[in-house]
Amino acid sequence: MEKSSLFEKLNAWARRSVSLKLLSIGFLILLLMIPSAMLTSLIGERESVRDAALDEVSSKWGGSQTLGGPVLSVPYRAYLKDERGKVETVVRYAHFLPDRIDVVGSMEPEKRYRGIYVVVLYNTQLRFRGTFSPPRFDLLNISRNDLIPEDAFISLGITDMKGIKEDISFRLDERNYVFSPGIPTSDLFGSGISFPVRLSGQKSYPFDFRLNLNGSRHLRFLPFGKETTVALASPWDNPSFEGAFLPDERLITPEGFKARWKVLQLNRNYPQQGTGPFVGGPYPAANPGNEMTTVDSGSPANPDSAFGVRLLLPVDEYQKTMRSAKYNVMFVFLTFLAFFFVEVLNRKRIHPIQYLLVGFAICLFYILLLSISEHVSFGFAYLIGCVCILTLVTFYAWNIFRSRFLTTLISGVLVVLYGFFYSLLQLQDYALLMGSLGLLIILAAVMYLTRNIDWYSLQTGERTSLDAK
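Here the numbering used here = 1-based position in the sequence shown + 738.
It should be emphasised that the hints constitute simulated quantities derived from the structure, not laboratory data.
Errors might be hidden in some of the hints.
Below are the DSS-like pairs computed for lysine-lysine, each with C-alpha atoms no more than 27 Å apart in a straight line [unchecked claim]:
1. K849 to K996
2. K964 to K1000
3. K798 to K903
4. K964 to K798
5. K996 to K903
6. K941 to K964
7. K900 to K849
None of these values were measured; they are calculated from a predicted model.
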């Protein structure tokens, strides 16, 4: 009998203990962090599937393009001594960058679809004009007797050669040349085109050529001129200017954008002439999944001087869903807090299993948001998910409380929370400020509502002045 009486006392204490209830709620919140982590992983997985679809389309059309050059290269003989003092002759290359590069062009965007995913592609029509100064081999300490001028060439670096749509005719010093695929050396470019050229005396060489190129995601330029200017125009109204330099002039309207860059030799950290990979090595070849990897992993990295524009989709639903999912634990905590105060102040006992089911419903919202936003706009997907979970939790709360007032109260709390967190997603720059102010208001409301509660009396089962009548 004594054992039975002790068990009954412990059972009664467990039922009344506010501290034990808080501990159990805290444990449930920790438990719900497991599906929250799985949710984050699921969003990343779906994003990877999207990126794979984009890469597949881009690989057939043309990937992210980075253009460098043109560059004049002249091979020469260099002499190396080994450990035994034996002299070995090797061929190296001296490279000369243009005095001036002027690029004018347009980007025509095009949307393609791969399953449920949208891919932004573009075709760009560019005209390059500029001049080369006479090569100064003396600045590189190269004797003219060691030059191999008959093998000199001009090269143009292009990240993804599949994007070239027309033959490229290069006009140099009143003569026309035709590019061929490949570059004799990978000192500067991992991939590109070139043609042999004959040097004719100590004079400047004006050049002019046009480039018709397909690509995706972004278009970048390397500022190889003493003065490099680039002017681009496009009907795409959602550009992102990126790289080492922002445009000096830009205009973005619903009809598209115009931008103009001007980069000087003094703005970058390499000279106009050099030998070997003097600008930092070959810039990346085509790799849609990771634009910043080089052709040879042992090569030096691409110089951090590229600049250009990226064509963005207006909404990235995965990015917004990921940001929304980061609020999941806070959402669960505030919802449990509302249920807890209803339980404490109105003597409506709620079992931990019921808390857990409500928590699972809240986690399910983010799966609904992820799956629906792949087919409709993010805002509409958020609304559909809210309606579904609100209906589910409201119906469940009615069956727990059997009170219209308490059920309406819980529904109102959820509506406020969904609205509050949605506003945080929209106010990206002010999310931290609004979030901290919102939590301050919530804490103040909790402190105000519980100011007259005698927490010790709750342990003994006594009624308080705040109990519902």
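Results for each hint:
1. Proximity of K849 to K996 is assessed by CA-CA distance (about 20 Å); at most 27 Å being required, the pair is judged to hold.
2. Between K964 and K1000 the CA atoms are separated by roughly 10 Å; this keeps the pair inside 27 Å, and the hint holds.
3. With a CA separation close to 13 Å, the supplied pair K798 and K903 stays within the 27 Å bound.
4. Between K964 and K798 the CA atoms are separated by roughly 35 Å; this puts the pair beyond 27 Å, and the hint is violated.
5. With a CA separation close to 24 Å, the supplied pair K996 and K903 stays within the 27 Å bound.
6. With a CA separation close to 17 Å, the supplied pair K941 and K964 stays within the 27 Å bound.
7. Distance hint between K900 and K849 is fulfilled; the C-alpha atoms sit about 18 Å from each other, no more than 27 Å.
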